[in-house]
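Engineer: Here's the letter readout for the chains.
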Amino acid sequence: MSILKCSDPIALNLWYAIAPLDEVLIGETAQTILLEQPIAYTRNHTGEIVAWVHDVASGGNPETDRLPIKERYGYFWTSLGTPDADIFPIPEYDEQDRRNIHAASFGVNVSAPRLVENFLDMGHFPYVHTDILGAEPHTEVKEYFVEVSKERDEILATNCKFWQPMAAAVASGGMDVDYVYRVPHPYSAVLYKSNPTDPERMDVIAIFIQPTSQETLRVHMLLSLLDESNDDISIRLFQQTIFGQDKPILENQYPKRLPLDPRAETPIRADKSAIAYRRWLSDKGITYGVIPAAA
Amino acid sequence: MIKLYDYELSGNCYKLRLLMSFLGVEYESKLIDFYPGNQHKSEGFRQINPLGQLPVVDDDGLVLRDAQAILVYLASKYDASGKWYPRDNPALLGQISQWLAFADGITATASAARLHDALFYTQIDVDAARAGANTLFRILDEHLYFAEEAGQDWICPGDHPTIADIACFPYIMLSEEGGVSRMDYPAIRRWCDRFKRIPGFTVMSGVFPAGPAVSGSIVSAA
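Residue numbers (the working numbering), protein chains in the order written: chain A, 1 to 295; chain B, 1001 to 1222.
These aren't lab readings, by the way, just hints derived from the structure by calculation.
Here the structure is a predicted model, which means the values were calculated and not measured.
Careful: at least some of the hints might be erroneous.
Cross-link-like lysine to aspartate or glutamate pairs, in silico, EDC-like; alpha carbons within 16 Å at most [to be verified]: (1) A:Lys-272 to A:Asp-261; (2) A:Lys-5 to A:Glu-48; (3) B:Lys-1030 to A:Asp-231; (4) A:Lys-161 to A:Glu-140; (5) A:Lys-256 to B:Asp-1066; (6) A:Lys-284 to A:Asp-8; (7) B:Lys-1030 to A:Asp-232; (8) A:Lys-272 to A:Glu-140; (9) A:Lys-284 to A:Asp-153.
Here are a few chain B residues that sit away from chain A, every Cβ distance over 10 Å (derived from the structure) [said to hold, decoys possible]: (10) Glu-1008; (11) Gln-1039; (12) Lys-1041; (13) Glu-1043; (14) Gln-1047; (15) Ala-1080; (16) Gly-1082; (17) Gly-1132; (18) Thr-1135; (19) Ile-1139; (20) Lys-1196; (21) Gly-1200.
From the three backbone atoms N, C-alpha and C, an ideal C-beta is built for every residue, glycine too.
Chain A on its own, in the form it takes in the complex (with noise of 0.2 Å):
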């Protein structure tokens, strides 16, 4: 293998997302990026994922350059290092009634931490995606819960609550959601949201950012649902008209990295989260995609 130009020991012993699974087909191989590291893919003809390093002189080589596999959550994983853990649990995914829906795979110029932390947001939902998740006046970030779980090596903010027009694509009017958020992966999220039609369960959307570069990625988005009234082609519509809303704010963050300085900018109440979230990347030592505070 050819020497990477990620040198960050933690992201590159990281699983990610790649392609949705119906999308990796027998005979055509595909090419991405990973870290900066092109890397092409195919489907080989007993149906299994291949992926290996691609360089630009070389071509790579299928058999000696090839990568580690993994298929979770409709998509397939892969890394560039060794993993030293399994890719995080998201139980819901597999409970029967829920639609698993790959909702989109979008092109970002911006750093995978700066995605996660829009994740996280909710103070900008009545300003950026007016009249579907919020709507002045009910600009309020409610108190809420941060912690790093006990469980697992991932960040946990609880009792989030926000008052939504069209919570999702079978909402029928606006109400009051509550919302858990999870980040299990320095480049990945999960959120919860209440469900419109079932009070005692929560719909799932998660984000598996594939980070091309420092300052840009391919941002995978996973919807699991209950929702029995709208088709797959809605329900992925919806999605796209909330994440193409957050693209243009993405795009015109300064710096494009994430600051972990705490003094580099100013967070307020609702922002505990994002503190959180940088905190805990602080921790690990995470340099790819950030700007790490001074030693």
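Dock chain B against chain A, hints included.
Structural biologist: Below, chain B alone, put in the same frame as chain A:
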């Protein structure tokens, strides 16, 4: 009712949503899974548009493709004021057509760069697309600057915007998603703000409404 084969993130579909919103024309959106489903390239959709492109409208059996062509049709048929597409003014019609073709050039450059960055259209030469967009933006910026100097707010002469403004607006407003900044085009930026204040203006994902206009009273109080 008019049926629009529609995709939220398409600037070309947005042109038609804008005109119908300005005119108060009711329509029904038939959502097409443009990405990642590629539904516009499906055999079924090619029966509707053999080019496999959005948008398409079906107005009582008349099926039309191409955003600019549909703007001409809808404005001619549904704008009773005749201001968006003044059919009795040959000089203006010529200028409108010129800028409709220019808008196609914006699609071929600024929109192509956005498809490259956001939706992985990797076969596009993104540097050429960005350079092409900047060439067009420079020309439009100069045009708008001299129009402003002459007391004109819009791309074509007159006191009312035309479909030329609608055709040029979306992919200019979305250009940053393809890495084309509007920082160097101040007349374009002022025109975008004026456009957003046209009564009936509506947004799409990636386009935000204008802030409130600075009113005379605030200026005089300051």
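Engineer: Taking the hints in turn, state whether each one holds.
Structural biologist: We went through each hint and held it up to the structure:
Restraint check for Lys-272 of chain A and Asp-261 of chain A: the C-alpha separation of about 15 Å stays at or below 16 Å, so the hint holds. Between Lys-5 of chain A and Glu-48 of chain A the CA atoms are separated by roughly 28 Å; this puts the pair beyond 16 Å, and the hint is violated. Distance restraint check for Lys-1030 of chain B and Asp-231 of chain A: the Cα-Cα separation of roughly 13 Å lies within the 16 Å cut-off, and the hinted pair is therefore satisfied. For a cut-off of 16 Å, the pair hint linking Lys-161 of chain A to Glu-140 of chain A stands: about 9 Å separates their Cα positions.
For the hint pairing Lys-256 of chain A with Asp-1066 of chain B, the CA-to-CA distance comes to about 37 Å; that exceeds 16 Å, so the pair is violated. This hinted pair checks out: Lys-284 of chain A and Asp-8 of chain A have alpha carbons roughly 11 Å apart, not beyond 16 Å. With a C-alpha separation of about 14 Å, the suggested pair Lys-1030 of chain B and Asp-232 of chain A falls inside the 16 Å cut-off, and the hint holds. Restraint check: the Cα-Cα separation between Lys-272 of chain A and Glu-140 of chain A comes to about 14 Å, which is no more than 16 Å; the hinted pair holds.
The hinted pair formed by Lys-284 of chain A and Asp-153 of chain A meets the criterion: a straight-line CA distance of about 10 Å does not exceed 16 Å. With a least beta-carbon separation of about 5 Å from chain A, Glu-1008 of chain B fails to lie farther than 10 Å from that chain, contradicting its non-interface assignment. Not every Cβ of chain A is farther than 10 Å from the Cβ of Gln-1039 of chain B; the closest lies at roughly 8 Å, contradicting the non-interface assignment. With a minimum CB-CB distance of about 14 Å to chain A, Lys-1041 of chain B clears the 10 Å threshold, and the non-interface call stands.
Separation of Glu-1043 of chain B from chain A is adequate, the least Cβ-Cβ distance of about 17 Å exceeding the 10 Å criterion. Gln-1047 of chain B, annotated as away from the interface, keeps every beta carbon of chain A farther than 10 Å; the closest lies near 18 Å. With a cut of 10 Å on Cβ distances, Ala-1080 of chain B stays outside the contact zone with chain A, its closest approach being about 30 Å. Listed as outside the interface, Gly-1082 of chain B is consistent with that label: its C-beta sits roughly 33 Å from the nearest C-beta of chain A, beyond the 10 Å cut-off.
With a minimum CB-CB distance of about 19 Å to chain A, Gly-1132 of chain B clears the 10 Å threshold, and the non-interface call stands. Look at Thr-1135 of chain B: its CB is around 22 Å from the nearest CB on chain A, clear of 10 Å, so calling it non-interface holds up. With a minimum CB-CB distance of about 24 Å to chain A, Ile-1139 of chain B clears the 10 Å threshold, and the non-interface call stands. The beta carbon of Lys-1196 of chain B is kept farther than 10 Å from every beta carbon of chain A, the shortest such distance being approximately 14 Å.
For Gly-1200 of chain B, the requirement that its beta carbon stay farther than 10 Å from each beta carbon of chain A is met, with the minimum near 16 Å.
Taken one by one, the earlier hints fail for this structure at numbers 2, 5, 10, 11, listed in ascending order.
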